[in-house]
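Residue numbers (the working numbering), protein chains in the order written: chain A, 302 to 777; chain B, 302 to 777; chain C, 302 to 777; chain D, 302 to 777.
What you were told as hints is all true, and nothing was included just to trick you.
Pairs count within a copy or across copies, as identical chains cannot be separated in the list.
Derived lysine-lysine pairs resembling BS3-like cross-links, with alpha carbons at most 25 Å apart: (1) Lys-678 <-> Lys-502; (2) Lys-647 <-> Lys-502; (3) Lys-436 <-> Lys-456; (4) Lys-544 <-> Lys-502; (5) Lys-678 <-> Lys-659.
The set of hints was computed from the structure by calculation and includes no laboratory data.
Only a predicted model underlies this, so the values are computations on that prediction, with no experimental measurement involved.
4 protein chains.
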Amino acid sequence: MSSGEKEEMRKFKGPKEACGVFGAFGHEDAAKLAYFGLYALQHRGQESSGIVSSDGKNVYEHRRMGLVTEVFNEEAVNRLPGHIAIGHVRYSTTGSSVLKNAQPFIASHAGRTLAIAHNGNLTNARTLRGELEAKGSIFQTTIDSEVIVHLIARKIHLGLEEALVRAIRKIEGAYACTFMTEDELIAFRDPNGFRPLCLGKLNGSYVVASETCALDLIEAEYVRDIEPGEIVIVNENGIKSIKVKKQHGRSSFCIFELIYFARPDSRIFGCNVYNVRKKFGEKLAEEYNVDADFAMPFPDSGNYAAIGYCRRSGAALEIGMIRNHYVGRTFIAPSQSMRDFGVKVKLNPVHGLLEGKKVVIVEDSIIRGTTSRMRIKTLRDAGAKEVHMLVSCPPHRYPCYYGIDFSTKGELLACRNSLEQIKRYIGVDSLGYLSLEGMIEATGLSRDCFCLACFTGKYPVKHDGEFSKLCLEKGD
Amino acid sequence: MSSGEKEEMRKFKGPKEACGVFGAFGHEDAAKLAYFGLYALQHRGQESSGIVSSDGKNVYEHRRMGLVTEVFNEEAVNRLPGHIAIGHVRYSTTGSSVLKNAQPFIASHAGRTLAIAHNGNLTNARTLRGELEAKGSIFQTTIDSEVIVHLIARKIHLGLEEALVRAIRKIEGAYACTFMTEDELIAFRDPNGFRPLCLGKLNGSYVVASETCALDLIEAEYVRDIEPGEIVIVNENGIKSIKVKKQHGRSSFCIFELIYFARPDSRIFGCNVYNVRKKFGEKLAEEYNVDADFAMPFPDSGNYAAIGYCRRSGAALEIGMIRNHYVGRTFIAPSQSMRDFGVKVKLNPVHGLLEGKKVVIVEDSIIRGTTSRMRIKTLRDAGAKEVHMLVSCPPHRYPCYYGIDFSTKGELLACRNSLEQIKRYIGVDSLGYLSLEGMIEATGLSRDCFCLACFTGKYPVKHDGEFSKLCLEKGD
Amino acid sequence: MSSGEKEEMRKFKGPKEACGVFGAFGHEDAAKLAYFGLYALQHRGQESSGIVSSDGKNVYEHRRMGLVTEVFNEEAVNRLPGHIAIGHVRYSTTGSSVLKNAQPFIASHAGRTLAIAHNGNLTNARTLRGELEAKGSIFQTTIDSEVIVHLIARKIHLGLEEALVRAIRKIEGAYACTFMTEDELIAFRDPNGFRPLCLGKLNGSYVVASETCALDLIEAEYVRDIEPGEIVIVNENGIKSIKVKKQHGRSSFCIFELIYFARPDSRIFGCNVYNVRKKFGEKLAEEYNVDADFAMPFPDSGNYAAIGYCRRSGAALEIGMIRNHYVGRTFIAPSQSMRDFGVKVKLNPVHGLLEGKKVVIVEDSIIRGTTSRMRIKTLRDAGAKEVHMLVSCPPHRYPCYYGIDFSTKGELLACRNSLEQIKRYIGVDSLGYLSLEGMIEATGLSRDCFCLACFTGKYPVKHDGEFSKLCLEKGD
Amino acid sequence: MSSGEKEEMRKFKGPKEACGVFGAFGHEDAAKLAYFGLYALQHRGQESSGIVSSDGKNVYEHRRMGLVTEVFNEEAVNRLPGHIAIGHVRYSTTGSSVLKNAQPFIASHAGRTLAIAHNGNLTNARTLRGELEAKGSIFQTTIDSEVIVHLIARKIHLGLEEALVRAIRKIEGAYACTFMTEDELIAFRDPNGFRPLCLGKLNGSYVVASETCALDLIEAEYVRDIEPGEIVIVNENGIKSIKVKKQHGRSSFCIFELIYFARPDSRIFGCNVYNVRKKFGEKLAEEYNVDADFAMPFPDSGNYAAIGYCRRSGAALEIGMIRNHYVGRTFIAPSQSMRDFGVKVKLNPVHGLLEGKKVVIVEDSIIRGTTSRMRIKTLRDAGAKEVHMLVSCPPHRYPCYYGIDFSTKGELLACRNSLEQIKRYIGVDSLGYLSLEGMIEATGLSRDCFCLACFTGKYPVKHDGEFSKLCLEKGD
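One chain only, chain A, in its complex shape:
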């Protein structure tokens, strides 16, 4: 496969979430809970997986590149004893894709072990790292989580709680973290609440996870969301909550979690994700009127909006492309003598269904547009007469500085292209985006609850300008 083709393959999966985090305290198989929790959060990061556990005295770790089920086997989990554990699945946002950057990040300080799992992006990581280095700190990774641990270590003589509070006062941006020492589990979320983080209970033990689907799998009871700006500390003495930073009156929930990232069976920001997506589709049906033989999603991410769209519009729903369930990690490229099978390796069109038909695609979002372009070409090759597309959010015009991996303007198709240009690029007969208002209405929450920066360019937290994913590498 040429590197260009590989790039295409990589982009198949759309924008990548920062990470998923998990924590458990008080369960005799804490690491096993973490394993299942991370398994349920796998969609939030497929690059590396890691769990750190503690039996109250010793800390154990296992981190590797790969999916949860690849990284952990029975033996690996059994080498992680104890009643406390945190875990992390990661797709790189800050920090490059190498093993040393696999989380949780662990360090030891004065006989104590500190471990952190972080979802999100600090917006002042570079500045803070510079300050720490000026005081003599050395760094092992390029992940901004290491900065948080340094900040805590430097004040830990004041007690862990005070050190935490002081560290959190210094960091800015998006962070939903689980943190642990030998005998405590801590969870904290930034004052804007960019990323979801919820608290659950399982018999007597506490669990924390990025999404409720992790609680569901381990059959933990959902208690409540960790609030923006809240620190929750769980230890032998029970559970305790601290509000560190004053909240700015309004939150900045990432609306892209609802559009694409979170699992449809999760409940985040107080919303049922499945229902919100279906409503996006209903809103599309209200805003557009497309004449087509049937509507179809690109499975599975577009399924829910497609169902809503068909329900409201009365359009027939079909599954015009079939997912191959056996897509492997490594895939051999066609040779020069073959045509590029491209997208069909993952989704194969149903010829009998498409021939001579007018089709409307209901899609969750268009980021770079490369995948859409290829898939639409495949549909046309399979005989579709007309292909229309409805997208369940507005055009993505601005990069995200809070943890979503489409950080540069150059990568965003809608950044420099008009609707007409986009239509031509991806090759559809017509193209409609859901309006900002329609999208917000569908959530049932007020506009003030959300960070809409990727659509509006209005960033709720100031950031150090446009910077690449590798900003902490080489310090420049």
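Please arrange chains B, C and D on chain A, whose structure you already have, making use of the hints.
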């Protein structure tokens, strides 16, 4: 995981198809074509994968336990040069699950290499093997494909074509095979045509595959099905067809291919699988009237009938369980201290959708019933008030002797249980099966075209009584 | 590494022995005994390792490319239960280096499993295979052991013992074999006794091995050698000996086993190998008078003759080259910018010792001369002023057809070169070979006991002309 | 294998050296040089291997548990481009046996990468680490090399050279290090010169290595030893030497390097190791007069003293135990039903040689005595009538705090036992140790040059009392 739990896990995926076969002649990257062809046929067998290629002089092979994308990487495919190749994906029907039984089976005889890839089950393999051993033959595997090669070798002094014809006259049962020597590709299908096998063309080269989805992926043009009882020989001199055994006036297409096995984007037995499945759902809507809030499939196998059902009945379609896309090969079991997460590892219910609702499940088939039982329990735990189930085929009451892995009566839920007992076992409020007539009508073909033995017990080809998968092991 | 360099690396280790075989009957951990036995016989073959075991009913196998300690771990051995086992370590002589040719070779016939481990070369394998194929036999491997199993299977209706006797009457050449069925262990050795094979006892159980060093490791008691032309059958009824072929009055013990192949701590052909090698050195001292500062071997194979030489001649013994104990399987090649470290990767010269010195090397044998040439260059680079070489056998002029891997004349340095030419090629100041008479005398046995064909060209068993290792591949 | 047996296996190899270090500057394949250099230094550490390289801008690393040839393949070395490299092989002394402790240790600070490879033990690491943590430093490993990097980072604003000098002024104990940044190679050795470190030249490039055998393999020219207390800095501007700490008038060369650790073909501390060891044997012959049939070493470590002993005493030299060249990393244990093969897995006695004989073993040293005890038992089982032992150094009575892995008194056989008790424990008929004076005389250097603490208890550098290998773990 206890072995019982593992067994459950294994059964998640439902009945297993025998195998998928592929062949190519005249393409400079024949093995690469086979790789993509097998990739598209992966649903027909996930236990082992193998390709044999020839450059006209030397024969190369690579066979391993595992999925196509696990068994082959760029390097492995590059070590398979030549313009001829056959390939095989396998789930064990005859022969146990060990490497030596991975196909294609290869042997050398008098300076010639003979390789075969076989989908189906010979019904007189045991008898033939006994006869061969009495003449001094020794065996390497427990797969009945080895019997075919022995038969061919014993008559090859009469010429390959004559040897083939004589071998095929001796074997009985189900076989859709690709076969090769250093310089020929041969495909043959039993006179009943139990299993599908089609011929395609790609520029100047010929390809043969179990299903058209393999032709689609490699962008080969579908030419026609290999007919029941036909041998197709492709070599330097072109393509040649021989009709070996007289067809019995009627075919015995396996209807379970249409119900469950074949990919929905394939065209087999002259039918568009996607459309047939949708029609099964429509027929269900005609035969049953269930009062429910919405209908849902167990994704993805039930999707198509569910769409048909909703279309015809007007019921709302929902996706009440979400597939986890990251299900790994090895999975760690919950500990004693945890409840059994069982089915949720693969499919998670959408709580917000199910709570307090009356649900009708549209399912393709019920074989052992264990998976259905677990999934229905999960739906109830997630709050479903009523769960009804409609199945898009009649009850499976008889084992299959022609290549489907539910060979013993004991494994079939409907074999010893009444409708009422099945209903209670799987835990639904009501249960309806599609009628035999409704099912046949949906296919658009006549009843005479199909083998319906698993529903009716009328076997089109006599078999050696009930025998287990391992009948060729230890010769007993 | 260029392929030429790799070839050099491969040749470092000198000529390769055919194989080592082992068998055990009546021990509760028969496979574990085989593991240790093969471990002790590893010097006889490093390409593949395999064990087959039986518990009296079922047969278990594990064969892989690699050393015994690489191929087997605790888990692999535990999957080989039973009280009967045979094992094999292999360097390819007949048959190419691929997994399918790993021994023991196993086949099933009429409900019975037959397994064989073979050391040696059949000289009429090609003829026999042709006859078998004419009768319809198909072949899985290119090893001549498969021929033996076919021959046995064809007559097994007469009883195993009779079938064995008839098979052995047909095969010619060198064979020291262990063979087993579900309930018997059999060992047999060709009438010439080319390869060693001994019988031992361990508590109540019997063991068979190529060399006594295998008995030593498992602390079995040496009983006696399996005699040339003898079949030993061990089963529930005890042990039984049959003499199949009349012995030709004289044996043909491979003298190269004493010179190089067998381990010095073994006792074979009634000789203590260590003592014989020391005597070779003593004989060299008697035949040659070299003026040097000291004598040294190339460790470890030359150590024993060097000790004998120094003892008799009074020369000082030094270890002028030090073995690196960590030589790995894969080794990275120097880049173009570096000089070729060649031989030093394995043996490093001791500079302080060699500078300005006159050295005499006592070496076991020179086959191709490439390794000697490189090593001598290394000694000169390290400062040696004069390098003389004494070799503890006569010049190798003729290929071996009985199991030693220097089968073609072209590979033998002494085949086409005069003493003077050899001296110049390997770069020594003087060169002396032990005389044939001196060598024989050192063994303490009569000339009639040995096959001396590699020195004299007089072959004790007729052979099918010069043929390559791959003679059974492609049947030509 | 029981853990006790494993422990025995581990002890087979005698005391373990701390580490081997290597560095190269100015060679286009610096990492490949490091690969070969480490390969030659493998005897100094077999637990982990690592190389860090730089192309002047970027730094690349590869570190794993395992031997050099296991850790590196062609691909891994090719991913380490650049003209600067340092490398490390490690057996744990300080720090436990886990991947994160594999060296070189790397950190980044203010946009600069600092990497270090360290042989030896700091005696004030614990104190320094405490001071650093009090200032807020966090730690990743338990190796004391991390302390050195922290010290350098804290002063690097004064320039690297000044930072180095200040760091070195703070650290105490044994250290022979290679260190690098993106554009410099630095080597430094403690003022006592406990561990060897030498400088070489290869065409225009500089190399540094623990022993000259590494220079030999890569055909670099030996220039001189890095002097005790010297820092050598190599960069674009050439080479520069700084003397940091005043030397105490006398050095403290580790005499155990000469006795056992260094390779015999190396030249360290100005001595030819091979010759010194031979002289140890000669001195033994002068000090003892043992009546025996022959003398033998335990190969290979005892070979050199045995040669010297036989030369001087006139005793016959034999190789009474044969090394198995195929000892694997993992080894399966005998079952309960077998006797423990123990030592024979590695060294097999030559029965024919030993039976009824009086044998004198010339051995380099006795540390724990467990291996000697087992081997002597094996010799007696093989028939030896009398076994005497001569040891080429005095009894080891005191632990080493400078990098040798026999840090606790409890492990030293001679610590609590009289000569008579040792004799009985290891099972010899007589036992003689070389006198301290004899040993020193054999080296040709004065007593003042050496650290003799393991024999005399007089430690040249004060240490923090008896501490375990894990003293830096958990900070206690």
